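Colleague: Assemble the whole structure, with the sequences as input and the hints as a guide.
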Amino acid sequence: MGVYKVTFIETVENLGTFSVEAPDGTNVGTGVVATEFTGGGLTFTIADGATDFAAGDQFAITVANAGGAGEFSVKTPSGYALPNLTVGAAYTGDHINLTVADGSTDWAVGAVINVTVSGTGEFSELAPAAFDGSQIAAGVLYDAVDASLADAPAVAVVRNAELNAAEISWPDAITDGQKAVALAQLSAINLIAR
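Basically our numbering = 1-based index in the sequence shown + 35.
In case anyone wonders, no lab produced these hints; they're calculated from the structure. Any given hint could be a false lead.
As the list claims (entries may be wrong) - Between beta-carbon pairs, the in silico distance windows are:
1. THR80 x ALA146: 28 to 34 Å
2. GLY60 x ALA82: 24 to 30 Å
3. LEU198 x GLY114: 21 to 27 Å
4. VAL144 x THR80: 20 to 26 Å
5. PRO188 x ASP137: 43 to 49 Å
No experiment lies behind these values; they were computed from the predicted model shown. A virtual CB, placed ideally from N, CA and C, is assigned to each residue, including glycine.
Modeller: Given below as C-alpha coordinates:
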(Lines of atoms letter the chains of each structure in order from A and count residues from 1; the text may use other names and numbers.)
(Lines give C-alpha, C1' and ligand atoms only; values in the text may rest on other atoms or scores of the structure.)
Protein backbone atom coordinates (compact mmCIF):
# COMPACT_ATOMS: atom_id res chain seq x y z
CA MET A 1 0.00 0.00 0.00
CA GLY A 2 1.19 3.49 -0.72
CA VAL A 3 2.49 5.44 -3.70
CA TYR A 4 4.86 3.71 -6.12
CA LYS A 5 6.99 5.92 -8.39
CA VAL A 6 7.60 4.95 -12.03
CA THR A 7 10.53 6.75 -13.72
CA PHE A 8 11.61 6.35 -17.35
CA ILE A 9 15.35 5.72 -17.46
CA GLU A 10 15.93 4.95 -21.14
CA THR A 11 13.76 5.78 -24.11
CA VAL A 12 13.63 4.16 -27.50
CA GLU A 13 11.13 4.92 -30.23
CA ASN A 14 7.97 2.91 -29.48
CA LEU A 15 9.67 1.33 -26.46
CA GLY A 16 11.42 2.47 -23.30
CA THR A 17 12.72 1.20 -19.99
CA PHE A 18 11.42 2.35 -16.63
CA SER A 19 12.22 1.72 -12.97
CA VAL A 20 9.67 1.18 -10.21
CA GLU A 21 10.28 2.45 -6.68
CA ALA A 22 8.27 1.18 -3.70
CA PRO A 23 6.64 3.57 -1.20
CA ASP A 24 9.59 2.99 1.17
CA GLY A 25 12.09 4.09 -1.52
CA THR A 26 13.47 0.67 -2.42
CA ASN A 27 13.85 -0.32 -6.06
CA VAL A 28 11.23 -2.91 -7.03
CA GLY A 29 12.59 -3.56 -10.52
CA THR A 30 12.70 -2.38 -14.12
CA GLY A 31 10.23 -2.86 -16.91
CA VAL A 32 9.76 -2.25 -20.63
CA VAL A 33 6.92 -0.39 -22.34
CA ALA A 34 4.23 -2.71 -23.77
CA THR A 35 5.45 -5.63 -21.61
CA GLU A 36 3.75 -6.72 -18.39
CA PHE A 37 5.64 -5.65 -15.27
CA THR A 38 5.35 -7.78 -12.13
CA GLY A 39 7.10 -6.90 -8.88
CA GLY A 40 6.58 -5.52 -5.40
CA GLY A 41 2.99 -6.73 -5.38
CA LEU A 42 2.15 -4.83 -8.58
CA THR A 43 1.23 -6.12 -12.01
CA PHE A 44 0.69 -3.62 -14.82
CA THR A 45 1.52 -2.79 -18.45
CA ILE A 46 2.43 0.66 -19.76
CA ALA A 47 0.97 0.97 -23.25
CA ASP A 48 2.95 2.36 -26.18
CA GLY A 49 1.11 5.57 -27.03
CA ALA A 50 1.48 7.96 -29.97
CA THR A 51 4.05 10.09 -28.08
CA ASP A 52 7.16 8.36 -26.76
CA PHE A 53 8.19 8.83 -23.14
CA ALA A 54 11.31 10.89 -22.39
CA ALA A 55 14.04 9.96 -19.91
CA GLY A 56 13.05 11.30 -16.50
CA ASP A 57 9.28 11.20 -17.14
CA GLN A 58 7.54 10.05 -13.96
CA PHE A 59 4.15 9.07 -12.75
CA ALA A 60 2.74 7.57 -9.57
CA ILE A 61 0.76 4.41 -8.95
CA THR A 62 -1.27 4.62 -5.74
CA VAL A 63 -2.24 1.37 -4.06
CA ALA A 64 -4.94 2.04 -1.48
CA ASN A 65 -5.99 -0.12 1.43
CA ALA A 66 -9.26 -1.90 0.66
CA GLY A 67 -10.55 -0.84 4.08
CA GLY A 68 -12.90 -3.27 5.75
CA ALA A 69 -11.92 -6.09 3.46
CA GLY A 70 -9.05 -8.46 3.12
CA GLU A 71 -8.09 -12.00 2.38
CA PHE A 72 -5.74 -14.44 4.08
CA SER A 73 -4.19 -17.56 2.64
CA VAL A 74 -4.77 -20.55 4.93
CA LYS A 75 -2.37 -23.45 5.38
CA THR A 76 -2.41 -26.59 7.48
CA PRO A 77 0.44 -27.22 9.93
CA SER A 78 2.03 -29.43 7.27
CA GLY A 79 1.92 -26.57 4.73
CA TYR A 80 -1.02 -27.79 2.62
CA ALA A 81 -2.81 -24.79 1.07
CA LEU A 82 -6.52 -24.48 1.85
CA PRO A 83 -9.04 -22.07 0.27
CA ASN A 84 -8.49 -18.39 1.14
CA LEU A 85 -10.24 -16.78 4.10
CA THR A 86 -12.13 -13.48 3.70
CA VAL A 87 -11.93 -11.09 6.67
CA GLY A 88 -15.28 -10.72 8.43
CA ALA A 89 -16.82 -13.85 6.87
CA ALA A 90 -17.22 -17.25 8.50
CA TYR A 91 -14.60 -19.71 7.22
CA THR A 92 -15.50 -23.39 7.24
CA GLY A 93 -13.48 -26.28 5.98
CA ASP A 94 -12.27 -29.80 6.65
CA HIS A 95 -9.39 -28.61 8.83
CA ILE A 96 -10.55 -25.50 10.66
CA ASN A 97 -13.59 -23.28 11.18
CA LEU A 98 -13.11 -19.65 12.25
CA THR A 99 -13.94 -16.01 11.62
CA VAL A 100 -11.30 -13.27 11.49
CA ALA A 101 -13.02 -10.11 12.70
CA ASP A 102 -12.88 -6.89 10.71
CA GLY A 103 -11.81 -4.46 13.42
CA SER A 104 -11.27 -0.71 13.27
CA THR A 105 -7.62 -1.22 12.24
CA ASP A 106 -7.18 -3.06 8.95
CA TRP A 107 -4.85 -6.01 8.70
CA ALA A 108 -1.49 -5.20 7.09
CA VAL A 109 -0.42 -6.92 3.89
CA GLY A 110 1.70 -9.91 4.91
CA ALA A 111 0.16 -10.20 8.39
CA VAL A 112 0.29 -13.71 9.81
CA ILE A 113 -2.14 -15.23 12.29
CA ASN A 114 -1.00 -18.44 13.94
CA VAL A 115 -3.92 -20.51 15.18
CA THR A 116 -3.10 -22.95 17.96
CA VAL A 117 -5.52 -25.84 18.21
CA SER A 118 -5.15 -27.88 21.36
CA GLY A 119 -6.30 -31.44 21.40
CA THR A 120 -7.16 -33.88 24.14
CA GLY A 121 -5.05 -36.69 22.76
CA GLU A 122 -8.23 -38.72 22.36
CA PHE A 123 -9.40 -40.41 19.20
CA SER A 124 -12.87 -41.23 17.96
CA GLU A 125 -14.35 -43.46 15.29
CA LEU A 126 -13.88 -42.25 11.72
CA ALA A 127 -16.89 -40.16 10.65
CA PRO A 128 -16.26 -38.98 7.05
CA ALA A 129 -19.19 -36.53 7.02
CA ALA A 130 -18.21 -34.79 10.30
CA PHE A 131 -16.49 -31.41 10.72
CA ASP A 132 -14.95 -31.91 14.16
CA GLY A 133 -11.72 -33.71 13.25
CA SER A 134 -13.22 -37.20 13.30
CA GLN A 135 -13.49 -37.01 9.49
CA ILE A 136 -9.70 -37.41 9.29
CA ALA A 137 -8.27 -40.92 9.56
CA ALA A 138 -5.41 -40.52 12.05
CA GLY A 139 -4.68 -44.09 13.10
CA VAL A 140 -5.90 -47.66 13.32
CA LEU A 141 -6.92 -49.47 16.50
CA TYR A 142 -4.95 -52.59 17.32
CA ASP A 143 -8.08 -54.31 18.61
CA ALA A 144 -11.80 -53.53 19.00
CA VAL A 145 -12.76 -51.22 21.89
CA ASP A 146 -16.25 -50.37 23.14
CA ALA A 147 -16.31 -46.64 23.91
CA SER A 148 -20.02 -46.22 23.21
CA LEU A 149 -20.88 -45.30 26.83
CA ALA A 150 -17.63 -43.68 27.99
CA ASP A 151 -14.03 -43.10 26.97
CA ALA A 152 -12.00 -46.29 26.99
CA PRO A 153 -8.26 -46.94 26.82
CA ALA A 154 -6.97 -48.48 23.61
CA VAL A 155 -3.84 -49.26 21.65
CA ALA A 156 -3.57 -47.63 18.23
CA VAL A 157 -1.04 -47.54 15.43
CA VAL A 158 -0.70 -43.87 14.45
CA ARG A 159 2.36 -43.74 12.17
CA ASN A 160 4.99 -45.67 10.26
CA ALA A 161 3.40 -49.08 9.76
CA GLU A 162 2.19 -51.38 7.03
CA LEU A 163 -1.45 -52.44 7.37
CA ASN A 164 -3.33 -55.43 6.03
CA ALA A 165 -6.09 -53.67 4.05
CA ALA A 166 -8.34 -56.74 4.28
CA GLU A 167 -8.32 -56.52 8.10
CA ILE A 168 -9.44 -52.89 8.37
CA SER A 169 -12.94 -52.55 9.85
CA TRP A 170 -14.79 -49.57 8.40
CA PRO A 171 -17.75 -47.64 9.85
CA ASP A 172 -21.19 -48.68 8.61
CA ALA A 173 -22.35 -46.97 5.39
CA ILE A 174 -18.89 -45.68 4.44
CA THR A 175 -18.54 -45.31 0.67
CA ASP A 176 -15.66 -46.51 -1.49
CA GLY A 177 -14.75 -42.87 -2.14
CA GLN A 178 -14.63 -42.13 1.60
CA LYS A 179 -12.47 -45.22 2.12
CA ALA A 180 -10.07 -43.97 -0.56
CA VAL A 181 -9.84 -40.58 1.18
CA ALA A 182 -9.24 -42.25 4.56
CA LEU A 183 -6.53 -44.49 3.10
CA ALA A 184 -4.84 -41.44 1.58
CA GLN A 185 -4.96 -39.70 4.98
CA LEU A 186 -3.38 -42.75 6.60
CA SER A 187 -0.75 -42.89 3.89
CA ALA A 188 0.18 -39.26 4.66
CA ILE A 189 1.24 -40.39 8.16
CA ASN A 190 3.02 -43.45 6.76
CA LEU A 191 0.31 -45.99 7.53
CA ILE A 192 0.36 -47.95 4.30
CA ALA A 193 -2.51 -50.35 3.58
CA ARG A 194 -1.66 -53.24 1.26
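Colleague: Against this structure, judge whether each hint is valid.
Modeller: Hint by hint, here is what the structure shows:
Checked against the hint of 28 to 34 Å, the pair THR80 and ALA146 passes, with Cβ atoms roughly 29 Å apart. In this structure, GLY60 and ALA82 meet the distance hint of 24 to 30 Å, their C-beta atoms being roughly 27 Å apart. The hinted window of 21 to 27 Å between LEU198 and GLY114 holds, with their beta carbons roughly 25 Å apart. VAL144 and THR80 have their C-beta atoms about 22 Å apart, which keeps the hinted 20 to 26 Å range intact.
Between PRO188 and ASP137 the Cβ separation comes to about 45 Å, which falls inside the hinted range of 43 to 49 Å.
Violation of the numbered hints given earlier is absent; every hint is satisfied by the structure.
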